[in-house]
Amino acid sequence: MSFQVRLALLISLALSELEAVELTCKLLEKSDLYGIHKDGDVVIGGLFIINFRVSVPDVSFKTKPESIPRLEDVIRRHIKCKDYHYYLFRGTAVFFHSSFRWLQTMIFTIEEINKDRELLPNITLGYSIYDNCGKVPQAVRAAVSVLNGVDDHFDDHGCTGSRPISAIVGDPTSTTSIVAARLAGVFNIPMVSYFATCPCLSNKLEFPTFFRTIPSDTFQAKAMAKLVQHFGWTWVGSIASEDDYGQYAVQAFNDQIERSGACLAFSEAIPKINSEQKVLQIVDTIKKSSARVIVLFAGEVDAIPLAKEVVRQNLTDRQWLASEAWSTGTLLATKENLPSFGGTIGFAIHKGEIPGLKEFLLKVHPSSAPGHTLIKRFWEELFGCSFYSLDNTTSSTISEPACTGQEDLEETNNVYSDVSELRASYNVYKAVDAIAHALHNLLACETRQGPFVDKSCANISSFEPWQLLHYLRNVKFTNRFGEQVYFDENGDPVPSYDIMNWQMNADGSVKIVTIGIFDGSLAPGQELSIKEGTIIWSGGQLEVPDSVCSGSCQPGTRKATQKGQPVCCFDCLQCADGEVSNQTDSVQCLKCPIDYWSNQGRDQCVLKEVEFLSFEGTLGIILASVALIGACITICVFAIFLHYRNTPIVRANNMELSFLLLGSLVLCFLCSLFYIGRPSLWSCVLRHTVFGVSFALCISCILGKTIVVLMAFSATLPNNNMMKYFGPLQQAASVLACTILQVIICVIWLITSPPFPTKNTEHQKAKVILECNVGSVAAFCCVLGYIGLLASVSFVLAFLARKLPDNFNEAKFITFSMLIFCAVWITFIPAYISSPGKYTVAVEVFAILSSSFGLIACNFAPKCYVILLRPEENTKKHLMGRGRSKQ
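Residues -20 to -1, 1 to 867 (mature numbering (1 follows the signal peptide of the UniProt record, and there is no 0)) are what the sequence shown spells out, left to right.
Just so you know, these hints were derived from the structure itself, not from any lab. One should not assume that every hint holds.
Within a straight-line C-alpha distance of at most 30 Å, the following computed DSSO-like cross-link-like pairs (lysine-lysine) qualify [as the list claims (entries may be wrong)]:
id	residue 1	residue 2
1	356	338
2	315	258
3	343	288
4	268	543
5	511	315
6	331	543
7	268	252
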């Protein structure tokens, strides 16, 4: 509790004690509390802010007081509303016309109830209404006056004073309501506020007798956060008055905004005591911030210094969100403020219409309530005249004509008589109506069926405030305007707001237009209803302004929070390969399924490109064509050798093995076709086994021919009969034996772990490579190793026999063929490993074709050349003669 509140309570309680010990009834001199009173069977108190400013004593304890005044003098001289003649707030009069209309609405409602013979038959309601000046010390005194009857109404026979207060309508502000509600709670007097919204007042442990007809700021904070979320604003600033209303409201809003995923750019407080330096600092914060939306929780008067400075600095590119305390306020909604505050969107109390109120307001006249100075002050301020002669100090600065009482209210165009926007006034009406219906229920209690001890009822002529409190807690009725009125367990009504928008009239003035509603009784997600097409935004623009710390991350990217910044400030990073985000502002990227890959925009998964060496592809066509050409060439050579099988050159070069070698080479060429096309189980099995067997057969034939050459040379030596052991049958058996060994290896391979088709997604992430998995790597290495072993042995033997004397040296050509064969397969290994995708298979096919062409070229090209182009050399005489000449 602030020091001023403590001081005010101390003074008020001390005054009560002082009066209590007086032996005789002693009236204070003319009380400086402004009020209006009327007696009745049941008296209802009222607290309103009519004057803005109040002077308070200097309690800084930094200087010695001039004298110690009497307590009564302190109350009169130092804690009082300043005379409006001397106090202007930057051109705005201190008299609050709209609040005076609220006061008159209370009187109007009470008089209506008194005329209703059904609601409270034979019961007359009275009232005792005070102006608390909107300051805590004066508010405390006004509350004490309402509770204790500190006024000049006494009977003729003693110090009985006025009737006790049964209930209070008020207080209008949260801070003063807290003080008044604590005092009222001590006496169990129910208090129904029409404008105090602090969430703290919903605490029934601290404020058991407090009710209100305006929603708590807890609901307004939720509604404001919903509004921010609705328009996609994630970066907002908040400003609040430095009082209970502002601080509780902005804290609730800040909590709600963080839960919704938005962030606060800044949060500032407007001091209650006007500080130009603090206001300048707040405006500077607004200018420096990138937030374009600012929420302001403050009373109309508290917001004026900030508004003035914003307008002075011509700050026009901010979208203001107004709390209900100033969203419809006439002090701020002026033509001068429109450039900076035009387009403001705010929440307002639900509007109602009260028939007959305007006529009642226009009947107010100083002569209708003699002795009530508040009405006279209203009259003086409205018409700029005075009922009293002014002292010398005043007359030296202000000169006003005398009030005649003939002035006409109907000729004025003032907020007081404007009943087109009855919001707080309607809440006052409902507050009084709720108290009246609680009294009606109290009056209607039937004997022995009451809610109190022994089922007793309260006596309407002498009931206690706590008894009325019981009925007020349970009151529930539908008023004559069709609205249901009741209070929840916290004393709060059903939250309902109108959503307002400040727009420009044709004459440049401000018109406040209803653009939507917020109904807290509806299901979550349906509370907010806005007609967006009717909104005029700040600066007169028609499109929703942006207010974000960082722009939205588009699909294909993810949010990465900036270090040390709120979550709303982030960078947008593109999703990695194979990951996508298909929503705006994704916080993470999702991995695509194994057969899918991210598209170029990284916003959706698409089927991976399937890659294999296809017959339809250019590379596949070329390799298949080369393989077929090689097979055809081999068949042609086979045909040539078959046709010329009886010629010396064919017969001299082991005709049987030559035919077998040509057959195996055809298989070698054709086995490469199994590597082309979509891999299947059969193609995977055949490509490796046919390759292994055909090349084993081919190299076995070459090895057999090499051995025959060596044996034939050895047979020419004396006493050497080795050739008889290498006849055609033995040669075929040796080739068959070498080949069968490879067949055995392949059979074991197929039985234990055969090759199978697989999808390779690791080698290239963006593609699915269809390939054949060899199954058993060891078996595959055995197949290749066995071929390499045969080739190595054949190469060594041929190399040793390369210089044997012969007109057509078979060993020399075998050496060249083996040299090419080994070179191809040695270079194949690194090329195979480094080739991506389908090119891996292409390299293997190329190696098969290259080695096959090497074998047929080296072994058969020279012979075909002689057979076809040099037939004269294809004679036994020529071969033998050449051999002799060399010797």
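- Would the pair residue 268 and residue 543 pass a check requiring their Cα atoms to be no farther apart than 30 Å? Roughly 20 Å between the alpha carbons, so the hint for residue 268 and residue 543 holds.
- Sort out whether residue 315 lies within 30 Å of residue 511, counting only the CA atoms. OK: residue 511 and residue 315 at ~25 Å, within 30 Å.
- Can the restraint linking residue 268 and residue 252 be considered satisfied, given a maximum Cα separation of 30 Å? holds, 24 Å
- Message: So if I understand the rule, the pair passes when the alpha-carbon distance is 30 Å or less; does residue 315 with residue 258 pass?
- Response: OK: residue 315 and residue 258 at ~25 Å, within 30 Å.
- Query: Is the Cα-Cα distance between residue 343 and residue 288 30 Å or less?
  - Reply: violated, 36 Å
- Can the restraint linking residue 331 and residue 543 be considered satisfied, given a maximum Cα separation of 30 Å? violated, 47 Å
- Query: Is residue 356 close enough to residue 338, meaning Cα to Cα at most 30 Å?
  - Reply: holds, 19 Å
In terms of the numbered hints stated before, the structure departs from hints 3, 6, listed from lowest to highest.
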